[in-house]
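S.K.: Fit chains U and S to the supplied structure of chain P, relying on the hints for placement.
Chain by chain, the residues run as shown.
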Amino acid sequence: MKSIPHLLVVDDNPADVILVREALAGSVHRSRIHSVEDGVEAMAFLNRKEKHANAIRPDLVILDLNLPKKAGLAVLAAMKAGPDLRRIPVVIFSTSRLSEDIQRSYELGGNCYVTKPGNLDEFFAAMKSIEEFWFGTASLPRQGE
Amino acid sequence: MNSAGTKLEKISAGEPKAQLRALLVEDNPLDATLVLRALYQEGFDVAADVVQDEDAFTRSVRANPPEIVLADYNLPNWKGMEALAVLRREGLDIPMILVSGALGDVTAVECIKQGATDYVLKDGLTRLPEVVRRALRERHEHRLRQQAEKDLARKVDELARSNADLEQFAYVASHDLQEPLRMVTAYTQLLGERYKGRLDENADKFIGYASEGAVRMQVLIQDLLAFSRVGRTDAACASVDCNAVMEEVRQALGSAIEESGAAVTSANLPAVWAERTQMAQVFQNLIGNAIKFRGKEPPVVLVKAEKTGENWLFSVTDNGIGIAAEYADSVFVVFQRLHARSEYSGNGIGLAICKKIVERYGGKIWLESFTGSGSTFKFTLPQGTENPQGARP
Amino acid sequence: MNSNEVDILLADDSQDDIDLTLHALRTENLANHVFVVRDGEEALEFLFCTGPHAGRSFDYPPKLVLLDLKMPKVDGMQVLRQIKGDPRTKTIPVVLMTSSREERDMVSGYELGVNSYVQKPVDFGEFRKAVKSLGLYWLVTNRPPTVNSKPQAAKQGQ
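Heads up: the sequence lines are chains P, U and S, in that order. Every letter in the first sequence is one number past the one before it in this note's numbering, and letter 108, counting from 1, is 1427. Every letter in the second sequence is one number past the one before it in this note's numbering, and letter 365, counting from 1, is 409. Every letter in the third sequence is one number past the one before it in this note's numbering, and letter 45, counting from 1, is 267.
Chain P with its partners taken away, still in its complex shape:
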């Protein structure tokens, strides 16, 4: 990717958002990380509504499932239903190992599913692997302006 990649993290646990930032700090991809705490704010960010009127359109969304106000799967469904949001890859990043959560995520068009590891090293490795694949190997449609 030539330009700075933008990552939107949707997670209601600020501790996990910090872990994501820590994991990607200093990476060659120099991703810009944005975060929102609930599903409603996620949609506002993506649709550039209200206080997010000037929000950048992210190149990748990291989505937790257990969100207040609007659940992760509902955000996913809304994204994949809209004409321009649907092309943004969504990585479900959740502690849930339940097969129904995994299955439903794929059914709603989630691009992939990564379980949040319990220990630090694995968490960092997973985040770095996500960043490396999506911003290093894969090609993404240009989003930002």
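No wet-lab data here; the hints were simulated from the structure. Ideal Cβ positions, reconstructed from N, Cα and C, are used throughout, including at glycine. Careful: at least some of the hints might be erroneous.
[To be verified] Some chain S residues flagged as far from chain P (calculated, every beta-carbon gap over 10 Å): (1) Asp239; (2) Thr249; (3) Arg260; (4) Phe270; (5) Gly273; (6) Pro274; (7) Arg278; (8) Lys292; (9) Val344.
[To be verified] With a Cα cut of at most 16 Å, we get these calculated EDC-like pairs of lysine to aspartate or glutamate: (10) Lys354/S - Asp241/S; (11) Lys1389/P - Glu1356/P; (12) Lys1388/P - Asp1403/P; (13) Lys166/U - Asp75/U; (14) Lys1389/P - Asp1357/P; (15) Lys342/S - Asp327/S; (16) Lys306/S - Glu1426/P; (17) Lys292/S - Glu263/S; (18) Lys1389/P - Asp1331/P; (19) Lys422/U - Asp373/U; (20) Lys292/S - Glu348/S; (21) Lys285/S - Glu1426/P; (22) Lys351/S - Glu1451/P; (23) Lys1399/P - Glu267/S; (24) Lys312/S - Glu1426/P; (25) Lys354/S - Glu1451/P; (26) Lys400/U - Asp373/U; (27) Lys295/S - Glu333/S.
M.R.: Just chains U and S now, kept in the frame of chain P:
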């Protein structure tokens, strides 16, 4: 002596008698006396009320419930059988014996069908004491049985509630406990990395202990959950070929086998009626232990089975470090470890899980071992293509 | 191999690219269960259990489909459209791997629901790196959909 409601005095002499509180429904004073005497002569110390109509009867059972009712069939103002209706109405479970003049067999049987406990003819009063004894005995046994059933129902209820509590605990442990634990683990590790060498000399050590503790807790909770989930799976029992299970287990333990140069052999094993994954767990835990607790030489593990009576007797023998006889029982206890964490890894739950699984199918598991010369774990499983009792929940 | 135990379905008509891909996967020990098809028609027969693959079951889909765009008989975009359009197959992770540099192809791919789109690097070394990266990501980091997946080996006990 015979007005309604008068208590007849007891005449006591000689040996102690069995006490009996009785209510007589009888209008003829002589008959009443004969009844009481018949009882007295056979060892009853009777305190009795005598009544002749429904009102008096009702008042008496309310004021002083008897142990037995002796009723004449035909009275001028009443019918003896109607006493039953009063007893029912008052919610009293008291046996009633009909003491009557000639009473056709058909009528007698009819009365018993309607709820009289027994009947005695007035010219056969010698039978009365035995009849009374039998009636009281049966009533007593009936009450004992009822109580036992109530106790059982209560215990079943408590057990169901206890199980529900345990399931909820397991759920809380799995979801709700792990999340804050994940935070503690991640951030103590992050602290350790970020501030290594930058705080005072003890800080690294303290953070290290906290971090290790948190990681150990994560594993412990996962192990506990695995243990609690035994017996609560959705998979059904089927005929399981243990040779095929051994193949799976060999694959799953592939790297451990390779690293240690282990030789794992099994003689021709039978098929058992069980859940496949649980059988795999038992074999994998036993063989995995055999490999882990090896001596200086590469582990040699042999798995055999033979028929003994109604069961299959499996044995897993190894040439490892063995287990002292005094620990033969405690090895099967949850989290019971025999070695320091620095010597051998693991939480000590593998054998507890094996025991729970084997016992679920009605089998037993035990250890035959000598320190320094290897261990043999043996367990039994019932034979048959179908477990007739069904696996216990 | 049992065609119900396939991990990766590789659909490509270029023998060079197939060789390179398999080699890269092998170095990561990911090449044990790769099934190769050389045109879009056979890719569809495989995934929809028809024709020569009628014996396959929908219950054991591959964990990943690597799909080239330009293939004979049926092209990659068509295959993708069918996979993502059918409830029996739409949850299978599909990665379009193509030499096309057209932004249009990429956008269409994502719009049709492709799980990701990777441009085949021209350089051999870069190609290998890309395959290795995507293999590790989709087979190790990612959790595939769990519909009737193969029974797992029992976890390591103590």
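S.K.: Taking the hints in turn, state whether each one holds.
M.R.: Verification of the hints:
{"no.": "1", "hint": "Asp239", "result": "holds, 16 Å"}
{"no.": "2", "hint": "Thr249", "result": "holds, 16 Å"}
{"no.": "3", "hint": "Arg260", "result": "holds, 24 Å"}
{"no.": "4", "hint": "Phe270", "result": "holds, 18 Å"}
{"no.": "5", "hint": "Gly273", "result": "holds, 26 Å"}
{"no.": "6", "hint": "Pro274", "result": "holds, 27 Å"}
{"no.": "7", "hint": "Arg278", "result": "holds, 20 Å"}
{"no.": "8", "hint": "Lys292", "result": "holds, 16 Å"}
{"no.": "9", "hint": "Val344", "result": "holds, 14 Å"}
{"no.": "10", "hint": "Lys354/S - Asp241/S", "result": "holds, 14 Å"}
{"no.": "11", "hint": "Lys1389/P - Glu1356/P", "result": "holds, 10 Å"}
{"no.": "12", "hint": "Lys1388/P - Asp1403/P", "result": "violated, 23 Å"}
{"no.": "13", "hint": "Lys166/U - Asp75/U", "result": "holds, 8 Å"}
{"no.": "14", "hint": "Lys1389/P - Asp1357/P", "result": "holds, 7 Å"}
{"no.": "15", "hint": "Lys342/S - Asp327/S", "result": "holds, 13 Å"}
{"no.": "16", "hint": "Lys306/S - Glu1426/P", "result": "holds, 10 Å"}
{"no.": "17", "hint": "Lys292/S - Glu263/S", "result": "holds, 12 Å"}
{"no.": "18", "hint": "Lys1389/P - Asp1331/P", "result": "holds, 11 Å"}
{"no.": "19", "hint": "Lys422/U - Asp373/U", "result": "holds, 13 Å"}
{"no.": "20", "hint": "Lys292/S - Glu348/S", "result": "violated, 21 Å"}
{"no.": "21", "hint": "Lys285/S - Glu1426/P", "result": "holds, 15 Å"}
{"no.": "22", "hint": "Lys351/S - Glu1451/P", "result": "holds, 11 Å"}
{"no.": "23", "hint": "Lys1399/P - Glu267/S", "result": "violated, 28 Å"}
{"no.": "24", "hint": "Lys312/S - Glu1426/P", "result": "holds, 7 Å"}
{"no.": "25", "hint": "Lys354/S - Glu1451/P", "result": "holds, 12 Å"}
{"no.": "26", "hint": "Lys400/U - Asp373/U", "result": "holds, 14 Å"}
{"no.": "27", "hint": "Lys295/S - Glu333/S", "result": "violated, 23 Å"}
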